[in-house]
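Engineer: The chain contents come next:
Number of protein chains: 2
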Amino acid sequence: MDNYKQRRLQPIAFQAVQFRDTFWQPRIELVREQTIPFEYLQCKETGRIDALRLDWEPGQEPTPHIFWESDLAKWLEAASYSLATHPDADLDALLDQVIALLAAAQQPDGYLNVYFTVVEPGRRWTDLRDAHELYCAGHLIEAGVAHFEVTGKRTLLAVVQRYADYIATVFGPEPGQKRGYCGHEEIELALVRLYRTTGDQKYLRLSQYFIDERGQPPLYFEQEATERGTPGFFGETLPERAEQLAMFRQYNQSHQPVREQREVVGHAVRAMYLYCAMADLALELHDPSLVQACERLWQHLTTKRMYLTGGIGPSSANEGFTTDYDLPNETAYAETCAAVGLVFWAHRMLHLDCDGRYADVLEQTLYNGVLSGISLDGKKFFYVNPLASTGQTHRQEWFGCACCPPNIARLLSSLGQYMYSQGDAEVAVHLYATSEARLQVGAHTLMMRQQTQYPWDGAIRLDLELASPARFALKLRIPGWCTRPVLRVNGVVVEVASCLEKGYARIERTWQNGDSVELHLPMPVTRIYAHPAVVADTGCVALQRGPLVYCVESADNPVPLNQLQLPVDQPLHPEFKPDILNGVVMLQGSACVPDLTDWNDCLYRTRKLRMQETRLTAIPYFAWDNRQPGAMRVWIRELSI
Amino acid sequence: MDNYKQRRLQPIAFQAVQFRDTFWQPRIELVREQTIPFEYLQCKETGRIDALRLDWEPGQEPTPHIFWESDLAKWLEAASYSLATHPDADLDALLDQVIALLAAAQQPDGYLNVYFTVVEPGRRWTDLRDAHELYCAGHLIEAGVAHFEVTGKRTLLAVVQRYADYIATVFGPEPGQKRGYCGHEEIELALVRLYRTTGDQKYLRLSQYFIDERGQPPLYFEQEATERGTPGFFGETLPERAEQLAMFRQYNQSHQPVREQREVVGHAVRAMYLYCAMADLALELHDPSLVQACERLWQHLTTKRMYLTGGIGPSSANEGFTTDYDLPNETAYAETCAAVGLVFWAHRMLHLDCDGRYADVLEQTLYNGVLSGISLDGKKFFYVNPLASTGQTHRQEWFGCACCPPNIARLLSSLGQYMYSQGDAEVAVHLYATSEARLQVGAHTLMMRQQTQYPWDGAIRLDLELASPARFALKLRIPGWCTRPVLRVNGVVVEVASCLEKGYARIERTWQNGDSVELHLPMPVTRIYAHPAVVADTGCVALQRGPLVYCVESADNPVPLNQLQLPVDQPLHPEFKPDILNGVVMLQGSACVPDLTDWNDCLYRTRKLRMQETRLTAIPYFAWDNRQPGAMRVWIRELSI
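Same order as they appear, the protein sequences are chains A and B. Mapping to the numbering used here: the first sequence position 373 is 373, numbers consecutive. Mapping to the numbering used here: the second sequence position 209 is 209, numbers consecutive.
Honestly, I wouldn't trust all of these hints.
With beta-carbon atoms standing in for the labels, derived distance ranges [to be verified]:
#1 605(B) / 468(A): 40 to 50 Å
#2 61(A) / 231(B): 28 to 38 Å
#3 303(B) / 608(A): 13 to 23 Å
#4 263(B) / 396(A): 32 to 42 Å
#5 231(B) / 33(A): 51 to 61 Å
Subject to a maximum C-alpha distance of 30 Å in a straight line, what follows is the list of computed DSSO-like cross-link-like pairs (lysine-lysine) [stated by the list, open to error]:
#6 608(A) / 502(B)
#7 608(A) / 608(B)
#8 380(B) / 577(B)
#9 44(B) / 153(B)
#10 608(B) / 502(A)
Not everything, but these chain B residues come out facing chain A in the computed CB check (under 10 Å) [claimed, not checked]:
#11 531
#12 593
#13 605
Quick caveat, the hints were computed from the structure, so don't treat them as lab data. Computed from a predicted structure; not experimentally measured. All C-beta atoms in this analysis are idealised placements derived from N, C-alpha and C, irrespective of residue type, glycine included.
Put together the whole structure using the sequences plus the hints.
Structural biologist: Take a look at the structure:
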């Protein structure tokens with residue numbers, strides 16, 4: 001990670017990519033046609049829009065909630081993105097309306113928060129730990145930046161800049177300023193976005209202040225609690241026992257200064273948003289101490305505390321992390337927002353160092369832990385993404401705490417940005433999908449066309465269109481799951497091993513208009529084993545093909561799934577089924593279940609169980625719970641003989 | 001089960017057997033020397049004795065608790081038994097003192113309960129569901145019977161008879177009587193004991209009334225709750241949802257008339273005590289409907305809801321039963337008292353029908369689920385008996401709810417009764433231990449001497465001493481775990497298969513003084529498999545040798561026990577270790593653990609785990625947690641190849 005200062009590779013704007021595929025493009029359309037309108041309706045029906053009129057009276061139902069602005073802001077952000085790829089005058093006008101309400105709700109000093117304006121007007125900034133004020137501000141800022149970048153309108157951007165300007169007067173190290181920071185990180189990364197869009201260094205400095213101050217002794221949240229004299233918004237008082245106190249502090253990653261943090265702890269979404277900001281600042285400030293902290297935390301997360309699906313945060317108790325290797329399947333929390341946050345973080349790490357490790361996790365999380373969060377019809381959502389179910393877990397239309405649906409919507413609506421990075425003399429291809437992209441390599445405009453059936457098939461063809469020949473390096477990601485890639489440039493085989501650099505095949509040459517690259521990433525069905533310390537997966541195997549993690553579901557396997565056993569050498573055959581689950585590759589083969597006719601009516605016996613053959617059918621994990629309710633398992637017992 | 005009316009076989013008095021062995025005899029001594037004095041001290045120190053003075057004043061600490069009499073009564077019962085085998089003038093005098101206090105605490109009408117005399121004097125019999133009044137009465141009655149039978153003194157017997165006489169006026173089907181029964185069964189079996197000792201039919205009829213009335217609509221506890229107008233002693237109000245209401249009623253087995261009950265449900269100890277009374281009444285009343293109910297419940301318990309150790313009731317939520325095959329290991333509740341209750345019930349079933357199935361469960365529960373409840377030094381106890389531990393579970397000296405320690409004490413102090421049954425023309429040997437017994441076969445007195453190293457070795461020699469030759473059948477239990485027994489009478493082999501009757505080798509002949517029987521029960525190390533529906537044990541195997549279930553403990557196996565795997569064909573070698581855990585047979589052999597040097601710092605990979613050899617040492621389950629704290633497992637993963 002020595003090249004971050006050179007900033008060779010930059011993220012691209014999401015609008016630069018047009019999906020033309022049958023996997024992402026229909027999903028992005030679904031988000032535009034179903035999810036975004038539905039979310040607006042939910043925001044409207046639950047009072048989240050009308051609350052902006054600030055006409056709430058005590059006793060009136062519903063009472064505005066402290067995190068309502070964040071739901072609305074994520075909808076604004078997603079809706080803005082969707083306008084870029086699909087102009088829509090009605091939606092544009094609807095955004096203008098909501099933005100006008102936000103502008104009108106903004107206070108003379110720039111403050112903008114419904115709850116602390118109408119419900120508890122006297123308590124502004126008194127509970128940074130629990131009250132989500134700066135968190136909501138952060139989401140509003142992201143929405144303002146997104147709206148401006150897509151529409152060119154400064155309406156919302158001006159509102160959030162005024163708000164940020166005001167926040168910059170309240171918080172900071174100067175005398176008279178509060179030395180606080182938010183219990184739910186988000187504003188830190190939002191301020192870096194605002195800085196990048198406006199060029200105003202003040203926002204970068206404020207973000208840096210929040211990050212540097214976090215966890216410095218004496219702990220702000222404890223001073224604040226003492227001053228406040230009451231428990232926080234969610235009622236917690238400070239635990240007395242040292243162990244509990246440590247967990248309480250870790251919950252919002254304020255237990256120690258961020259550069260000293262070595263383990264991913266606490267609330268998973270908060271952790272991801274914090275690490276995003278740390279990575280952003282590492283890049284902007286050329287701060288190796290932040291790079292190192294990010295790298296350590298990444299290593300810890302991905303080698304000790306991440307589900308195979310990219311889901312993170314196993315516990316519902318803290319919506320977050322517990323201990324190393326504690327990855328229970330049925331009770332996995334693995335919040336959709338945390339997976340979305342991991343994609344955000346991975347994307348930022350990739351621009352600190354173009355290493356396939358980051359892109360691998362980005363892809364793994366996107367195709368599995370994120371995508372499982374939304375139903376195939378785009379109308380229902382998982383807040384929690386277990387890796388095994390006895391049949392009681394189902395997606396819902398909406399949640400009281402509605403963070404996940406709009407988070408998926410904004411991610412999918414801006415998915416193009418994750419496909420490529422560009423630099424003065426390099427282009428990196430991170431993800432594969434039939435698409436067209438307009439990239440900039442130094443002074444050259446490069447049109448890149450991808451053709452592939454990815455993720456169902458690993459044959460990929462890239463066609464380059466250039467006004468004039470240009471020398472640059474094309475970096476093609478060779479996924480970590482792929483062991484035998486085959487690469488051809490204009491039909492001539494290029495030995496991948498000879499040009500592999502941190503997980504990317506790097507082809508530096510003078511590229512001509514009409515050049516083509518063919519990459520074949522064979523997708524055998526692969527068995528995955530978990531580290532033996534992951535007790536929940538002991539004796540079990542997971543199935544993966546390409547980037548997709550598979551699962552067995554009752555709908556296809558009418559046997560007790562926890563008794564299903566897959567013989568160790570049993571091959572499984574992939575087959576694309578166009579009529580099932582909107583078209584998926586299913587895996588099929590022979591497996592075993594206990595032969596219960598071989599058991600008398602006894603509970604224990606000395607003779608080993610006799611097995612009988614059964615058929616096993618696996619579907620991609622993301623597609624589960626889209627048919628009749630039933631059990632599901634990712635980790636299947638493996639039968640040695 | 002056709003012979004119950006003939007009552008061929010009767011239980012024996014526990015005093016008829018003198019243990020001379022190195023397994024039970026030291027334990028019985030330990031109970032006498034350590035446990036019984038210690039329990040008295042605890043009763044004294046916690047106020048359970050002094051409360052009998054009835055001088056408690058409101059506000060005074062401690063407040064007498066509703067179940068204090070039951071703890072004291074079980075101590076009285078155990079102490080009485082110990083006097084039989086080991087006269088002790090001091091203990092005898094101490095019993096007299098406590099009995100005098102009890103007598104003085106008895107109210108003029110015969111009522112005897114501290115809590116409802118001094119703490120809530122107006123609320124007698126208002127909360128049969130939760131307040132344990134009749135339960136405490138039952139234990140006092142058992143103590144009174146035991147004290148009389150051992151000492152011949154009627155002091156306590158007279159007290160409990162007066163109490164029972166009074167109870168018989170309060171409860172029953174006659175006008176003016178309460179049509180209630182106790183939420184915690186116990187008095188029903190106690191009244192049968194009182195009837196057997198006194199010959200007074202009134203007690204039998206009262207027991208029959210309680211059993212017949214239980215669960216009859218309209219449900220008494222619900223009428224009582226309505227009349228009371230308040231929640232029960234433990235605060236529960238009636239749940240609204242049908243499913244929860246059913247569980248609430250099942251908790252104390254009052255959900256339906258007992259003859260209609262087909263599944264063991266609710267609080268496990270309560271269930272066992274209920275079934276004991278049902279078996280007692282089935283015998284006394286020659287009631288086939290109760291026999292059938294008992295038999296159905298027995299089948300259900302032993303084929304669907306019993307741990308391998310004889311532990312029962314997996315859930316802490318209701319201290320009882322959940323669903324079929326739900327037998328989690330780490331979170332197993334398996335209360336010691338429930339195992340004791342199962343021994344009581346099995347013993348009663350055995351006298352309805354001398355079937356080895358009952359004796360097998362009796363032995364299995366006694367050597368494993370009961371014995372694990374007490375430490376090797378007799379001073380510490382398990383209330384809860386998990387079958388796996390990560391090292392956090394340890395025996396304690398005493399419990400706020402101190403039911404288990406005295407329950408073990410009374411069982412071990414009267415253990416002799418479980419060894420044999422006798423009848424007019426039959427003697428049955430249920431358990432094996434070096435001992436001397438004085439039995440009655442019709443008119444003949446039979447002195448039976450057993451010599452064996454059981455449970456460490458299966459060679460057993462029985463010598464018969466008779467004043468004159470006598471024709472009778474000697475029934476020797478062939479344990480269910482033993483596949484190749486060898487039997488010799490006076491040195492001549494008798495083919496077991498030819499004389500096997502419901503799990504007993506039956507040798508009918510004219511027995512002479514000096515006859516001997518040699519029974520060899522080979523004890524290979526056996527692997528036990530659980531029904532595949534027991535998810536907790538999937539892929540695992542348990543080890544058993546003779547009647548003993550084994551476990552692995554960290555003290556002997558310095559590896560992560562949940563990663564330990566036992567190859568399917570790996571032999572394990574038993575060896576008696578005189579210096580370990582007071583002398584136990586350990587099992588030793590080779591096993592496997594994951595070779596972690598073969599893993600890089602990754603969480604998931606495609607290559608199957610490489611295993612490395614390690615040594616496995618197993619100890620009897622009952623002996624766990626007697627050395628340094630650490631993990632424990634009964635069910636060990638089995639490695640197929």
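Engineer: Would the stated hint for residue 605(B) survive a check requiring a Cβ distance to chain A of less than 10 Å?
Structural biologist: Status holds, d = 6 Å.
Engineer: Are residue 61(A) and residue 231(B) spaced within 28 to 38 Å by their CB atoms?
Structural biologist: holds, 31 Å
Engineer: Cβ-Cβ distance between residue 263(B) and residue 396(A): within 32 to 42 Å?
Structural biologist: About 34 Å separates the Cβ atoms of residue 263(B) and residue 396(A), which means 32 to 42 Å holds.
Engineer: Take the C-alpha atoms of residue 380(B) and residue 577(B), compute the straight-line distance between them, and say whether it is at most 30 Å.
Structural biologist: The hint holds at about 23 Å.
Engineer: Within 30 Å, alpha carbon to alpha carbon, are residue 608(B) and residue 502(A)?
Structural biologist: Judged against 30 Å, a Cα distance of about 25 Å means the pair holds.
Engineer: Need the status of pair residue 608(A), residue 608(B): alpha-carbon distance at most 30 Å?
Structural biologist: holds, 24 Å
Engineer: Report holds or violated for the interface hint on residue 531(B), using the least CB-CB distance to chain A and a cut-off of 10 Å.
Structural biologist: holds, 5 Å
Engineer: Taking 13 to 23 Å as the stated bounds, is the beta-carbon spacing between residue 303(B) and residue 608(A) within them?
Structural biologist: holds, 19 Å
Engineer: Report holds or violated for the interface hint on residue 593(B), using the least CB-CB distance to chain A and a cut-off of 10 Å.
Structural biologist: holds, 8 Å
Engineer: Are the Cα atoms of residue 608(A) and residue 502(B) separated by 30 Å or less?
Structural biologist: holds, 25 Å
Engineer: Is the straight-line distance between the alpha-carbon of residue 44(B) and that of residue 153(B) 30 Å or less?
Structural biologist: holds, 23 Å
Engineer: Just tell me: holds or violated, for the beta carbon distance of residue 605(B) and residue 468(A) against 40 to 50 Å?
Structural biologist: Taking Cβ atoms as reference, residue 605(B) and residue 468(A) lie about 46 Å apart, which means the hint holds.
The structure meets every hint from the earlier list without exception.
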